[in-house]
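Protein chains: 2
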Amino acid sequence: MKIVIIGGVAGGASAAARARRLCDQAQIIVLERGRHPSFANCGMPYYVGGEIKSRDKLLVAPIDMLRQRHRLDVRTRSEVVALELADKRVRVQDLESGDEYTESYDKLILATGASPFRPPIEGIDGPRVLELRDLADADRMHEHATSGATHAVVVGAGFIGIEVAENLVRRGIRTTIVELGDQILPPWDREMMVPLEDHLRDQGVRLRLNESAQRFIDSPQGLKIELQSGESIHADFAAICVGVRPESKLAAEAGIACGMRGGIVVNDHMQTNVADVYAVGDVIEVTDFVTKKSAQIPLAGPANRQGRIAADHLFGRPSTYRGTQGTAVVGVFGNVAAMTGQSEKTLRREGLRFEKIYIHPSDHAGYYPGAEAMTLKLLFDPDSGAIFGAQCVGGRGVDKRIDVIAMAIQAGLTVEDLEESELCYAPQFGHAKDPINMAGFVAAGVLRGDQPIVHVDSLSDASGQPSFLLDVRSEAEFLAGHVPGATHIPIEQLRERLGEIPRDQKITAYCKVGQRGYLATRVLLQHGFDAANLSGGYTLWCRYQD
Amino acid sequence: MKIVIIGGVAGGASAAARARRLCDQAQIIVLERGRHPSFANCGMPYYVGGEIKSRDKLLVAPIDMLRQRHRLDVRTRSEVVALELADKRVRVQDLESGDEYTESYDKLILATGASPFRPPIEGIDGPRVLELRDLADADRMHEHATSGATHAVVVGAGFIGIEVAENLVRRGIRTTIVELGDQILPPWDREMMVPLEDHLRDQGVRLRLNESAQRFIDSPQGLKIELQSGESIHADFAAICVGVRPESKLAAEAGIACGMRGGIVVNDHMQTNVADVYAVGDVIEVTDFVTKKSAQIPLAGPANRQGRIAADHLFGRPSTYRGTQGTAVVGVFGNVAAMTGQSEKTLRREGLRFEKIYIHPSDHAGYYPGAEAMTLKLLFDPDSGAIFGAQCVGGRGVDKRIDVIAMAIQAGLTVEDLEESELCYAPQFGHAKDPINMAGFVAAGVLRGDQPIVHVDSLSDASGQPSFLLDVRSEAEFLAGHVPGATHIPIEQLRERLGEIPRDQKITAYCKVGQRGYLATRVLLQHGFDAANLSGGYTLWCRYQD
Chain C
1 MKIVIIGGVA
11 GGASAAARAR
21 RLCDQAQIIV
31 LERGRHPSFA
41 NCGMPYYVGG
51 EIKSRDKLLV
61 APIDMLRQRH
71 RLDVRTRSEV
81 VALELADKRV
91 RVQDLESGDE
101 YTESYDKLIL
111 ATGASPFRPP
121 IEGIDGPRVL
131 ELRDLADADR
141 MHEHATSGAT
151 HAVVVGAGFI
161 GIEVAENLVR
171 RGIRTTIVEL
181 GDQILPPWDR
191 EMMVPLEDHL
201 RDQGVRLRLN
211 ESAQRFIDSP
221 QGLKIELQSG
231 ESIHADFAAI
241 CVGVRPESKL
251 AAEAGIACGM
261 RGGIVVNDHM
271 QTNVADVYAV
281 GDVIEVTDFV
291 TKKSAQIPLA
301 GPANRQGRIA
311 ADHLFGRPST
321 YRGTQGTAVV
331 GVFGNVAAMT
341 GQSEKTLRRE
351 GLRFEKIYIH
361 PSDHAGYYPG
371 AEAMTLKLLF
381 DPDSGAIFGA
391 QCVGGRGVDK
401 RIDVIAMAIQ
411 AGLTVEDLEE
421 SELCYAPQFG
431 HAKDPINMAG
441 FVAAGVLRGD
451 QPIVHVDSLS
461 DASGQPSFLL
471 DVRSEAEFLA
481 GHVPGATHIP
491 IEQLRERLGE
501 IPRDQKITAY
511 CKVGQRGYLA
521 TRVLLQHGFD
531 AANLSGGYTL
541 WCRYQD
Chain Z
1 MKIVIIGGVA
11 GGASAAARAR
21 RLCDQAQIIV
31 LERGRHPSFA
41 NCGMPYYVGG
51 EIKSRDKLLV
61 APIDMLRQRH
71 RLDVRTRSEV
81 VALELADKRV
91 RVQDLESGDE
101 YTESYDKLIL
111 ATGASPFRPP
121 IEGIDGPRVL
131 ELRDLADADR
141 MHEHATSGAT
151 HAVVVGAGFI
161 GIEVAENLVR
171 RGIRTTIVEL
181 GDQILPPWDR
191 EMMVPLEDHL
201 RDQGVRLRLN
211 ESAQRFIDSP
221 QGLKIELQSG
231 ESIHADFAAI
241 CVGVRPESKL
251 AAEAGIACGM
261 RGGIVVNDHM
271 QTNVADVYAV
281 GDVIEVTDFV
291 TKKSAQIPLA
301 GPANRQGRIA
311 ADHLFGRPST
321 YRGTQGTAVV
331 GVFGNVAAMT
341 GQSEKTLRRE
351 GLRFEKIYIH
361 PSDHAGYYPG
371 AEAMTLKLLF
381 DPDSGAIFGA
391 QCVGGRGVDK
401 RIDVIAMAIQ
411 AGLTVEDLEE
421 SELCYAPQFG
431 HAKDPINMAG
441 FVAAGVLRGD
451 QPIVHVDSLS
461 DASGQPSFLL
471 DVRSEAEFLA
481 GHVPGATHIP
491 IEQLRERLGE
501 IPRDQKITAY
511 CKVGQRGYLA
521 TRVLLQHGFD
531 AANLSGGYTL
541 WCRYQD
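Taken in sequence, the protein lines are chains C and Z. Quick note on the UniProt record's numbering: the first sequence kicks off at 1 and runs consecutively. Quick note on the UniProt record's numbering: the second sequence kicks off at 1 and runs consecutively.
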């Protein structure tokens, strides 16, 4: 068996190592265009920022190890320039010598990844306009960041953009992020990003949302970036981080089927439409685990597992890929955003009926020092209670809760199941009622009708009469700020002051995070009022006012 | 509806609050023997140690809040001295005045908890022999720990014993732990505790395993503790932390059915055998989630959920308790032990067939600074792959992995499902192949026969010919220490040196943690050898040598 793998990072490297373990006799050739196979691309921003001090750390599986330990024929600086699928061979150019040769295969795995999108902006190809795909890019950005630069512009506020910005600030570089959309980190929902955007600004990042770069003008004095708004920014360099596109050109030219967004189409064994040709990683189109529709979701974890599955399958094993949930995490100056499954915006786009709840717990018991706040949003099926997705933003413990919900989604659990989850508890690690349980209690309470809720985004678009807004917090909280028009009755006095509340109007109760609002809603419902709780409370309401 | 709840902490407090939310008209009486309902008993050791500075922090739900916000008739210092179930009433003693009265109920909830076991040791009732159940105990221990004490003895190395020891050391008190068993933290398996025991010793704790206190001798000079071994320890005080017993005496006397270990028997709605009487929390016997057998597992999370379920059910809701998994976590001087489900020792005791694997990953990508090591043990059904339990010991990220596996057990997932889990990955949070995936890969590989394994504990009891031990680590690693009798061939040279390996003997390959041993096993199997990998590698082997 002769296996040729194009691309030696993540999916390609995993496929190669797995193939070797399954068959010690196979000839396995890895063709890698860059100088290094299996490097830590997720670590590059942190190398730029100096958090990872040694560049060698990024070489996860050094080429010698792959050759000696796994007996892989790894050829770096080897670019495949054509796929000759009818003849089951590929045309390779040695980028050192310029020589070309053909290599035959029994099985071919395409793991060409995705490349940074470079929008057609005047001056974008200038020497001070950088990107961050491979180690050569990282070296370049590292050089710029450590050569006296004082100002930089990051175009794009996705994962890489945010990580690059954080790391440039770590180098003491004054950084502006320019983002076309109205929020950072587009996979998350907008209201979840508001505290992180505030946090970025607190860290000195200048954030320009709803904005775009129109022109890069290079001069001996530096780089001038002209924005759509008319503003100009002077910087030492710019980093383009506006997303990636599957690098599927070779495949498409050779007749391999690609999807609308350019990703190679594969079945659940990672097979393309051409016999004996597999594709894995960021170059493919995946099936979304929740919606079962095709999607382009470039993530390292899925890429690695797909590599394994392709190797399994080409040796006759029935391994199948189950689809991508889109579980992701990103650090933002010590804060954390994590998510799994569908977002509200993708559910709306798909036209799926959903309900959502928000809670604002701390990562561990409030009576133990150092508890950090988080906001958890849970999206679920209002009929079955099946979990569609979750987003969490805060500090410590955010990734844990999303991992637990990722597992719940994988298992097809419902919000009622979250009520009964039994998770680690000691005061420094969690709560006797973990945020996961609390999310389950609230969501299942909504499903059971125990707790009708009103969402901040539908408070204003009242269908008919506006609701009577009831703030049940303490006097001090109310005076410090409240929803305009709200009437104030502290929860402790509610039962005695029911006479002050109209019976001919819908009542929307709220508190800081939702707990007292829930209790007020319960009291009001049982006393004959038409009441609901403002989901996420005043805390969430504030995030919609930005 | 008149509801009487005996015990106002955890399960009792949860039941009361839930009952109030479900019915604003109900009369709800909470009878609490102590001075405070709903205090943070899990925080008490940390108050003793000064990590939690203010005692007020331990009063999670102050009595005024319960009275005003939830309209609960909370009566502290009120001890129930008899249950008159035939008449549906309880006899209460006001501990302040000494007066007794009866209180009738429509529904009764027993949440009397568990009390520390005090073994019949001479002198155990002396004034310097403390325990830690309620706030009065915490006050006493706090007083002792902050009044110039320099030496203390903790009897018992369970959760509370370990937490108390840590906090006494935090106060600068030289602390000895005396434990009857051969390991700390009995719910975990012994080999998993070895690194934590070493860590305790590194922190200056004197650990006396297989040892017991025989006599406490109080004198003006302090406390002398005579041990079974003949050793005597002089200390300022001792803390008895040898476990708890369900406080079911009242219930048993009134004819409520109790199990063999003393816990009240309830059905899955938390109903006892007596009509209109429920029981929740540490006083009950639970059903083990995995084995479906009855067990005594005192934990705060289950207690709180049971309280909710009892309240639901007495208002006619069909809520059911699904059994206890035994998910638990404990901090040990900055290290962490967590577990969920069955341990190896309980599986052996139950006579259940199981397989186990060990991995030693880091919490996040090794190339990102600050990665901390952990050991993860996974126990599973060798036929179906169903997960029986997991234990994890290390630093950061331990609780996360156990929570994820707790969810997998709740959902009935298998080790193959863990292979496909999609969890958060960024270099500071995890791995592209998370420890959860790795555990799945290894366990599923064992099930599929890809990777026969040998366990350290069966290396020596060879049935017939001993196996040929093959160390495939580097020269430096081998020279620093290896399993006696092992032959050394680095994995990189294995294929060229197959001639040095006997074909008429079982080969057991090993490396540091298991990964190179796995690769060696794959190579050997494919070249016709009868090979297996030493599970957990040299790292685990060392832990069995203590």
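Calculated from the structure, these hints are not laboratory results. Ideal Cβ positions, reconstructed from N, Cα and C, are used throughout, including at glycine. Fair warning: there could be bad hints in the mix.
[As the list claims (entries may be wrong)] In silico lysine-lysine, DSS-like type, Cα no more than 25 angstroms apart, as pairs:
1) Lys-53(Z) with Lys-433(C)
2) Lys-88(Z) with Lys-433(C)
3) Lys-88(C) with Lys-2(C)
4) Lys-512(C) with Lys-433(C)
5) Lys-293(Z) with Lys-249(Z)
6) Lys-2(Z) with Lys-88(Z)
7) Lys-2(C) with Lys-249(C)
8) Lys-57(C) with Lys-249(Z)
9) Lys-57(C) with Lys-292(Z)
10) Lys-2(Z) with Lys-249(Z)
11) Lys-292(C) with Lys-433(Z)
12) Lys-433(C) with Lys-345(Z)
13) Lys-345(Z) with Lys-512(C)
14) Lys-292(Z) with Lys-345(Z)
15) Lys-53(C) with Lys-433(Z)
[Unchecked claim] Which residues of chain Z face chain C? A few of them, derived with a C-beta cut under 8 angstroms, are:
16) Arg-21
17) Gly-50
18) Cys-258
19) Val-330
20) Phe-333
21) Gly-334
22) Asn-335
23) Ala-432
24) Lys-433
25) Glu-492
26) Glu-496
27) Arg-497
28) Leu-498
29) Glu-500
Hints and how they fare:
1. Straight-line distance between C-alpha atoms of Lys-53(Z) and Lys-433(C) comes to about 23 angstroms, which keeps the hinted pair within the 25 angstroms bound.
2. For the hint pairing Lys-88(Z) with Lys-433(C), the CA-to-CA distance comes to about 32 angstroms; that exceeds 25 angstroms, so the pair is violated.
3. Proximity of Lys-88(C) to Lys-2(C) is assessed by CA-CA distance (about 11 angstroms); at most 25 angstroms being required, the pair is judged to hold.
4. For the proposed pair Lys-512(C) and Lys-433(C), the alpha carbon gap of about 19 angstroms is at most 25 angstroms, so the pair holds.
5. Our distance criterion of 25 angstroms between C-alpha atoms is met by Lys-293(Z) and Lys-249(Z), whose separation comes to about 23 angstroms.
6. Restraint check: the Cα-Cα separation between Lys-2(Z) and Lys-88(Z) comes to about 11 angstroms, which is no more than 25 angstroms; the hinted pair holds.
7. As the CA atoms of Lys-2(C) and Lys-249(C) are separated by approximately 24 angstroms, the hinted pair is consistent with the 25 angstroms bound.
8. Distance hint between Lys-57(C) and Lys-249(Z) is unfulfilled; the C-alpha atoms sit about 62 angstroms from each other, more than 25 angstroms.
9. At most 25 angstroms may separate the alpha-carbon atoms for a hinted pair to count; Lys-57(C) and Lys-292(Z) exceed this at roughly 48 angstroms.
10. Distance check on the hinted pair: Lys-2(Z) and Lys-249(Z) sit about 24 angstroms apart at the alpha-carbon level, within 25 angstroms; holds.
11. Under the criterion of a C-alpha separation no larger than 25 angstroms, the hint pairing Lys-292(C) with Lys-433(Z) is consistent with the structure, at around 23 angstroms.
12. Among the hinted pairs, Lys-433(C) with Lys-345(Z) is inconsistent with the structure: their alpha-carbon atoms are about 28 angstroms apart, more than 25 angstroms.
13. Among the hinted pairs, Lys-345(Z) with Lys-512(C) is inconsistent with the structure: their alpha-carbon atoms are about 47 angstroms apart, more than 25 angstroms.
14. As the CA atoms of Lys-292(Z) and Lys-345(Z) are separated by approximately 16 angstroms, the hinted pair is consistent with the 25 angstroms bound.
15. With a C-alpha separation of about 23 angstroms, the suggested pairing of Lys-53(C) with Lys-433(Z) holds against the 25 angstroms cut-off.
16. At a threshold of 8 angstroms, the smallest CB-CB gap from Arg-21(Z) to chain C is about 5 angstroms, leaving the interface hint in force.
17. The beta carbon of Gly-50(Z) comes no nearer than 10 angstroms to any beta carbon in chain C, farther than 8 angstroms, and the hint placing it at the interface is violated.
18. The restraint placing Cys-258(Z) at the interface with chain C is violated, with a minimum CB-CB distance near 24 angstroms, outside the 8 angstroms limit.
19. Taken as an interface hint, Val-330(Z) checks out: its beta carbon lies about 6 angstroms from the nearest beta carbon of chain C, inside 8 angstroms.
20. A cut of 8 angstroms between beta carbons decides the hint on Phe-333(Z): the least distance to chain C is about 12 angstroms, and the hint is violated.
21. Evaluation of the Gly-334(Z) hint against chain C yields a violated restraint, the C-beta minimum of about 10 angstroms exceeding 8 angstroms.
22. Taking 8 angstroms as the C-beta cut-off, the interface hint given for Asn-335(Z) is violated, the closest approach to chain C being about 12 angstroms.
23. The restraint placing Ala-432(Z) at the interface with chain C holds, with a minimum CB-CB distance near 4 angstroms, inside the 8 angstroms limit.
24. Residue-level restraint check for Lys-433(Z) holds (minimum Cβ-Cβ distance to chain C is 5 angstroms; threshold 8 angstroms).
25. Taken as an interface hint, Glu-492(Z) checks out: its beta carbon lies about 4 angstroms from the nearest beta carbon of chain C, inside 8 angstroms.
26. Given the 8 angstroms rule on beta carbons, the hint for Glu-496(Z) is violated: about 11 angstroms separates it from the nearest Cβ of chain C.
27. Because the closest C-beta pair between Arg-497(Z) and chain C is about 13 angstroms apart, greater than 8 angstroms, the hint is violated.
28. Residue-level restraint check for Leu-498(Z) is violated (minimum Cβ-Cβ distance to chain C is 11 angstroms; threshold 8 angstroms).
29. Nearest Cβ of chain C to the Cβ of Glu-500(Z): about 17 angstroms, over the 8 angstroms cut. The hint is violated.
In this structure, the hints that do not hold are numbers 2, 8, 9, 12, 13, 17, 18, 20, 21, 22, 26, 27, 28 and 29, in rising order.
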